[in-house]
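Protein chains: 4
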Amino acid sequence: MIVMKAEATKAEIDNVVKEIHKYGLKADISHGEFRTVIGLVGDETKIPFSHFAVLPGVKEAFMIETPYKLISKEYGKQFHEVAGRRVIKIGDITIGGDEPVFIAGPCAVESRQQVMRIAEGIKKAGAQVLRGGIFKPRSSVHSFQGLGAVGWEQAEEALSWLREAGDKYDMAVITEVRGETQVDLVAKYVDIMQIGTRNMYDQDLLVSVGRKHKPVLYKRHFGAGIEEFLSFAEYIAAEDNKDIILCERGILPLGKGKNFTRYTFDLSAIPVIEKETYLPVLADPSHATGRRDLIFSMSCAAMAAGACGLMIETHYNPAESLVDSQQMITPEELGEVITAARSIHKLVASARNKE
Amino acid sequence: MIVMKAEATKAEIDNVVKEIHKYGLKADISHGEFRTVIGLVGDETKIPFSHFAVLPGVKEAFMIETPYKLISKEYGKQFHEVAGRRVIKIGDITIGGDEPVFIAGPCAVESRQQVMRIAEGIKKAGAQVLRGGIFKPRSSVHSFQGLGAVGWEQAEEALSWLREAGDKYDMAVITEVRGETQVDLVAKYVDIMQIGTRNMYDQDLLVSVGRKHKPVLYKRHFGAGIEEFLSFAEYIAAEDNKDIILCERGILPLGKGKNFTRYTFDLSAIPVIEKETYLPVLADPSHATGRRDLIFSMSCAAMAAGACGLMIETHYNPAESLVDSQQMITPEELGEVITAARSIHKLVASARNKE
Amino acid sequence: MIVMKAEATKAEIDNVVKEIHKYGLKADISHGEFRTVIGLVGDETKIPFSHFAVLPGVKEAFMIETPYKLISKEYGKQFHEVAGRRVIKIGDITIGGDEPVFIAGPCAVESRQQVMRIAEGIKKAGAQVLRGGIFKPRSSVHSFQGLGAVGWEQAEEALSWLREAGDKYDMAVITEVRGETQVDLVAKYVDIMQIGTRNMYDQDLLVSVGRKHKPVLYKRHFGAGIEEFLSFAEYIAAEDNKDIILCERGILPLGKGKNFTRYTFDLSAIPVIEKETYLPVLADPSHATGRRDLIFSMSCAAMAAGACGLMIETHYNPAESLVDSQQMITPEELGEVITAARSIHKLVASARNKE
Amino acid sequence: MIVMKAEATKAEIDNVVKEIHKYGLKADISHGEFRTVIGLVGDETKIPFSHFAVLPGVKEAFMIETPYKLISKEYGKQFHEVAGRRVIKIGDITIGGDEPVFIAGPCAVESRQQVMRIAEGIKKAGAQVLRGGIFKPRSSVHSFQGLGAVGWEQAEEALSWLREAGDKYDMAVITEVRGETQVDLVAKYVDIMQIGTRNMYDQDLLVSVGRKHKPVLYKRHFGAGIEEFLSFAEYIAAEDNKDIILCERGILPLGKGKNFTRYTFDLSAIPVIEKETYLPVLADPSHATGRRDLIFSMSCAAMAAGACGLMIETHYNPAESLVDSQQMITPEELGEVITAARSIHKLVASARNKE
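Chains as they are written, first to last, in my numbering: chain A, 1 to 355; chain B, 1 to 355; chain C, 1 to 355; chain D, 1 to 355.
Don't take each hint at face value.
It does not matter which identical chain is meant; a pair holds if it fits inside one copy or across any two.
[To be verified] With a straight-line Cα cutoff of 30 Å, these simulated DSBU-like cross-link-like pairs (lysine-lysine) come out:
#1 K256 with K275
#2 K124 with K73
#3 K275 with K346
#4 K46 with K188
#5 K46 with K124
No wet-lab data here; the hints were simulated from the structure.
Keep in mind it's a predicted model, so treat the numbers as computed, not measured.
I would like the entire structure built from these sequences, with the hints used as guidance.
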């Protein structure tokens, strides 16, 4: 990492970048309020930091020890104003700021009518972002794969319903992108691109999505340690896209016998990631638990652990849903969750500030 | 399970028990406010329930499907007054009732002075139960094993310090019992006997402890699924001891790379166990995270998930502690945790009641 | 699954397929030596099997219970001659037949000279297939990503070296394809396309690769259960490509403390998969253990467990390798492994035949 | 570790021990063929090794870095003659020597007739040690707990059957000891005391068993890492008992969906432990797989990985067994396993010797 002086000129910055290229690495330039910081993409051990430290305009030059340098707390505090945290803005919505964010909607987009009706319900309940799956990752080729599997036309139509519902009810819109060939189409319609748990390791997809320079919701794989999760998030960041929302959605359950939840909700990952990076961390209790009757408790727990918000699958009639019906809640139930979540967010934030 | 009529006589109950013995099973008799319920210890498939259903004084007779019958919700709701939940009383302290309970103290008892000073601190912070390890389970024979390892006299002396501190500051007292030969001695001094994570599967110890008919704090093994945890708790319950506090303290971490916490705090285990059994569930963020700087967040999260209380390692000078110094907090920090935990407990309880 | 009579005509088969389409499913047609079998892609519960059973030319029609129908033992034994097992042929090489197959080569292709020299060495040692990574999946964006990351031209050049070496030393050639955009290029040069552990869940990639109708080496994800592994393999099979070699390469290690191996080599997966499917199962001791000094033992163990062959990273000078140097063995060591592996394969096969 | 000179006198050894005691540690004295080695039990960091190095009769004094010092390769090679490996002798049987050892018998002892008949069968099949459970560890208090649960008399009677059968058919005898109170009784009757997977962490039991100075078969817990397993084995070794046979019997399965085996057989643990310690490693395919149809394959695999022998549950009529009937094989099948296992043992040993 090369920290430039506040008064460094563009020429001095360009010169540092040129020097970095000489060593075969790429430069990641982040302009903060007070100064510019230059991260390195590639093998830092090749870099003679003492040489860089004395270049014109350079304040400091040193190595970051973690494999996730560009999203690290250490790097971020150089250019993020408030407490070294990134606040992502989409219109009036802020993610990672003082107010929590709530993403809701059906597992899969099934029809225009379904999307519009759910959008209305979740807006009333207090959600700010509408979700809906079009390219569905499924464990079985024999299951319903979402409207995206029917053909490009249907995929685009489904995307347009999401957009329309978002616009009508003044919400941002998010959907999952599962393969590289879907990136261009999805980027045209949504505000946030989601990379799902099963694609966490798909580095070519991460690069493609990163290059769209739109906010990305990036879910941890259910078999991934935190270090690995952050190291792969770095693939997005290295494409000069730091608007990454990290999402905890449960890891593999442990132990013999019946599993009472789909996954193990790893809530301590939330404060851990907040100490390691400057990125906001969201939680998805729907996929973590897979159980409607646990959504309230585990939403509260996630907010208490410090989540910046929640993503919750919602449907006006869960039993009707083609996918994941046992983990859906209704918009009314969502309203109760959001109310409790807001109170806990406030309580925890104020207790933290007192610290 | 045999549910007796409200008006069933002692003779009728005795007769049912006699019939049960005929089939080679043991009877577990639970007298509730309104009726008596008789559980079965042994292989229920041998029991002709239709025969039992028509015995005098019997209201209903049927099989409970889970392997943890005697602690199951289904069994407990027959004889527990409030919402089918067990409230354990130790003097003025209630565990599993309306108020949360806080257990604190050092990892290991080191001296009378240490115990008294910590007791004073945690009492002021709001704790109701004092903990302190005397028989320490350790991964290495080469590490400090607690004063219990020095000899029986030192063990008894250390136990007397705990008792003295509890009496002086009006707190209940808990310590871990690690082997069968320690049970008698420990039972003489403490109010709650703890069975630690490494002894969860030690069925001979469970039976010995169960027979003391004192409240037991029973910790989940870090490799145990919930079904297994509850099935082993049944060994205690089958000794006619239902005063069992189940404790979530973290399971094995998953994934490659650095572990940022000692264990994975499995918070959804809390509402799951509360749905499966009538027993209170406590959480231990100290061992789950192993990190002082995560205790506040994860204590709040555990309370939000529905824990009946917390167990937190506390020391006036963490750095001085012979064991687990990196996960200890001070009594002052404990006070802040307890304040936040109480608020969340209240908030979540009232939201639940509204439901 | 619809089993046709031996004498069924093309018209009768076409008629069954037409009927299947009416219910919104796709047909998977497999012509065996004695009869034709038609599998179903999609939700079988929509199919009235009794209706299909009486169509002209149909012998039997019934549902396969597993989520991996098209690769199941049950389906395969209808059209595979020898013991319901698939033997994949690439020139003179057979995979899954009487003779074991050995795949060897460097982790990453680094230069023409390196590939040629290693090819010569492994050929002498007894290998039949040459491997070499061009598009390298890496945990860190800051690490060497293979020559594929330099540009398309370099990727193609590296592929041509592999092909050249394969042709010169009369070996088949395999490399990993990591993203959809690489599929066309890779398919032009290699005999077997590899899908790596981190891409196991990447269903869009599976479909793309499946459509090339070339043999696929498909590696289990390190966090995947066997059922999930087979369910995802079905995505390849559903593209009318049954030439799938399944590969066990280790799963996440368990337990606290130091990991002595990179992964846990799950050898019982080998006989389990051989009982569940008709596909050959290969083992990769290099990635499973990550340790040169364990390759011999664990290669022998994998063969004893019933593997059809091994994939082993080999380099004339392991220390020189840019990637995975600590798990490489030399061609000489490979020769010893192959000799022992052949003996064990023979011993186990003959003992099995006696059974 | 203090390595004494070959010519060190008893007085010199006693003096070193006295010095060790001064620092509050215990001494572990191992007399080898050529020299005496003194290990340390306790916190080695308190020991001034340079002071010890110059005491009369001392050749070398240094710290062993692992937490399992007394069973480490480094310690053992000072006093074990052949390749730093311990060979345990019970009458004519050697464990860890040139010939593999086979332990077989029923899961639970049910009657004298059952034990005698099985003993005859397994002897004929080639087994050298007879196993049979009397104190059965069970997940459910409602299941059959072995004859040991009926009462002490029945336990002793069952033990006498085992002894009688062992004597009659000239086999050594092993059974599991589950709690401290059972140690004296069991030690009177058997040649090898078994500590089961669920008791791996029960340090008070380990100490009690260690003090009997009989060979111990010590099974890895299904949730334990290798480092932890070895660290707990050290509790036995610290009681001056190094006749420990370590046993791999499967760890927790990973991943979503159906488990095809009871546990994951971690075969690379075998060569790893053989590199870390001087103790023999046995494998238990019965509990690892839980499937009769996998015993042959996985027995072969375990031997190929370097196991010193196998423990296999055997019954003349598996369906009749009260416990674990689905994983039992018949004595005839055992014979086939033993034949194949011997061949593989020989093949692997000779290939290793060539190395």
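How would you label the pair K256, K275 (within, between, both, or neither) given a Cα cut-off of 30 Å? between (33 Å within a copy, 19 Å between copies)
Evaluate K124 and K73 at a C-alpha cut-off of 30 Å and name the case that applies: within, between, both or neither. neither (36 Å within a copy, 36 Å between copies)
Given identical chains, is K275 near K346, meaning Cα to Cα at most 30 Å, within a copy, between copies, both, or neither? Answer is both; intra-copy 20 Å and inter-copy 28 Å each pass.
As a check of your reading, is K46 near K124 (CA-CA no more than 30 Å) within one copy, between copies, both or neither? The answer is neither: 55 Å in one copy and 38 Å across copies each exceed 30 Å.
State whether the alpha carbon distance between K46 and K188 is at most 30 Å within one copy, between copies, both, or neither. neither (40 Å within a copy, 36 Å between copies)
Violation of the numbered hints given earlier is confined to hints 2, 4, 5; the remaining hints are satisfied by the structure.
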